[in-house]
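Going line by line, the protein sequences match chains A and B.
Going by UniProt numbering, the first sequence opens with residue 1, and the numbers climb by one from there.
Going by UniProt numbering, the second sequence opens with residue 1, and the numbers climb by one from there.
Calculated directly from the structure, the hints in this document are not laboratory data.
Do not take every clue at face value.
As the list claims (entries may be wrong) - For lysine to any residue, the following SDA-like pairs were computed, each having C-alpha atoms within a straight-line distance of at most 20 Å:
id, chain 1, residue 1, chain 2, residue 2
1, B, Lys3, A, Lys80
2, A, Lys202, B, Glu235
3, B, Lys3, A, Val274
4, B, Lys17, B, Val164
5, A, Lys28, B, Gln4
6, A, Lys80, B, Lys17
7, A, Lys28, B, Asn98
Just so you know, these numbers come straight off a predicted model, no measurement behind them.
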Amino acid sequence: MTDLSVQLPGLDLKNPIMPASGCFGFGKEYAQLYDLSKLGSIMIKATTAEMRLGNPTPRVAETSSGMLNAIGLQNPGLVKVVDEQLPWLEQFDVPIIANVAGSLAEDYVEVARTISKAPNVHALELNISCPNVKQGGITFGTDPNVAKELTRMVKDVSDVPVYVKLSPNVTDVVQLAKAVEEGGADGITMINTLLGMRLDPKTGRPVIANITGGLSGPAIKPVALRMVYEVRRHTDLPIIGMGGIAEVDDVIDFLSAGANAVAVGTANFVNPFVCPELIDKLPERLHELGYESVQELTGRSHRL
Amino acid sequence: MIKQEKMAIVSQIEIAKNIFELTVAGSLVQEMNEPGQFVHVRVADSFEPLLRRPISVAKIDKEASSFTMIYRSEGRGTSLLSQKTERDTLDVLGPLGNGFPIEEAGKKAYLIGGGIGVPPLYELALQLNARGVETVHILGFESSEAVFYEEKFRMLGDTHIATVDGSHGTEGFVTHILNGLPNDFDAYYSCGPTPMLEAVQWAYPEKKGFLSYEQRMGCGIGACFACVCRTTRSETDYIKVCSDGPVFPAGVVIS
Chain A
1 MTDLSVQLPG LDLKNPIMPA SGCFGFGKEY AQLYDLSKLG SIMIKATTAE MRLGNPTPRV
61 AETSSGMLNA IGLQNPGLVK VVDEQLPWLE QFDVPIIANV AGSLAEDYVE VARTISKAPN
121 VHALELNISC PNVKQGGITF GTDPNVAKEL TRMVKDVSDV PVYVKLSPNV TDVVQLAKAV
181 EEGGADGITM INTLLGMRLD PKTGRPVIAN ITGGLSGPAI KPVALRMVYE VRRHTDLPII
241 GMGGIAEVDD VIDFLSAGAN AVAVGTANFV NPFVCPELID KLPERLHELG YESVQELTGR
301 SHRL
Chain B
1 MIKQEKMAIV SQIEIAKNIF ELTVAGSLVQ EMNEPGQFVH VRVADSFEPL LRRPISVAKI
61 DKEASSFTMI YRSEGRGTSL LSQKTERDTL DVLGPLGNGF PIEEAGKKAY LIGGGIGVPP
121 LYELALQLNA RGVETVHILG FESSEAVFYE EKFRMLGDTH IATVDGSHGT EGFVTHILNG
181 LPNDFDAYYS CGPTPMLEAV QWAYPEKKGF LSYEQRMGCG IGACFACVCR TTRSETDYIK
241 VCSDGPVFPA GVVIS
């Protein structure tokens, strides 16, 4: 019997597969399709202190083996997430990772303090890497000192372990990882989207109203994998890896590079059943490769 | 209920210039009821192109367990779709969204369509006629080459065609035809380019109307927040075209 379970700070995962934040809403849409209790965890959509209406449309554009998005952190705000979305998710036997975002450090602190008290929130994911908002987001995720300080402030108020979501839009991702570790982070999630753009060749105009957007999907997997591998070489912090995962061998790759668990983002839009399918396929694939547990495989590329 | 199925391709025919009529069969058809719903189709088995394509349902045949889509081949995805044959299967997710409320039609309804917005009006016309509603069809196309289903609509009721270049029917837009028609209908249903929908709802502020909107989509099921529009209901209200719509009562969506 292959053991898929993974124990991470705050997270007792029955398997290492979870939908990534922003690609799964608050679960309602996918709950029409399958039982969410099957998932290792759910990273819910970024929550800010106040409701946000997001960016103008068009907000998405397809690119080669990928897509750009600039949704702009649209969400109903902290009160509604805590009063409506999280209680609704309690019907499922699945730990929630709450993605926390804001414009100012105080916003992050306020959201983290409140949302970390929800009974089914077992960890926070600090979103210092959203490339699509003018204030906050990535501005906290590109300067190591700012990232460290924000991590410390959120750690101080959070009732649950804090994972920090790193941006790939930096020169040295290891430096950021070390900084948030010093700030007291319990884990790292990586990577967020890569900043990109697409033009309409007829007019020369950007296709996305926000001009730039975050690139995701299979196109970014090599970048994500390289970054997970590099960060694993420099820290023992748990890593939840993501970036272009769509097939079971993508899961194998991220675990091999040193991720302890993985998140699936854009692939949910292509195949809404991708997460349960990956969970079903993983034991057999592990067995074929000669492994009897996820833990055994994790980080194997560093032991060669 | 939303299902995902590899459906068998029954036929694919080019019925006008770059306009394809694609019929597929499978058990998913049993979930289809409302005219105006859509499906999300995957055009390749690989991740290139990546996203599904939303296509409206033009005809539902529950007995044959098949349904028909009509789409225009204009980009990478729809061009690949147009190359599929009876030997292929098609990965379909659906039915999605909320369609036209047929119980609101009264005795007589205007069905106003533009270009690739015309197809969902065909299943609507079938269902309204089956309920004894008189339907009048006002359909606009670019040119005579792009016109499709004219005879099929004619079998169901009065049908008026406009083409932008005047090569078939009335020259101009559907609004030119509407100006000359009596105001004796109970409700209107419309699908087409956003400027057309705007013009139609301005033309009949006192009538009950239902408009089907189009917006660039990601997931098609309401999770990704790509296809949102603001509404007239409040400053902070919004709808998702894919899962709250694509059909909305006139006067609600700010497009």
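Verification of the supplied hints:
no.: 1; hint: Lys3/B <-> Lys80/A; verdict: 30 Å, violated
no.: 2; hint: Lys202/A <-> Glu235/B; verdict: 35 Å, violated
no.: 3; hint: Lys3/B <-> Val274/A; verdict: 14 Å, holds
no.: 4; hint: Lys17/B <-> Val164/B; verdict: 15 Å, holds
no.: 5; hint: Lys28/A <-> Gln4/B; verdict: 17 Å, holds
no.: 6; hint: Lys80/A <-> Lys17/B; verdict: 49 Å, violated
no.: 7; hint: Lys28/A <-> Asn98/B; verdict: 17 Å, holds
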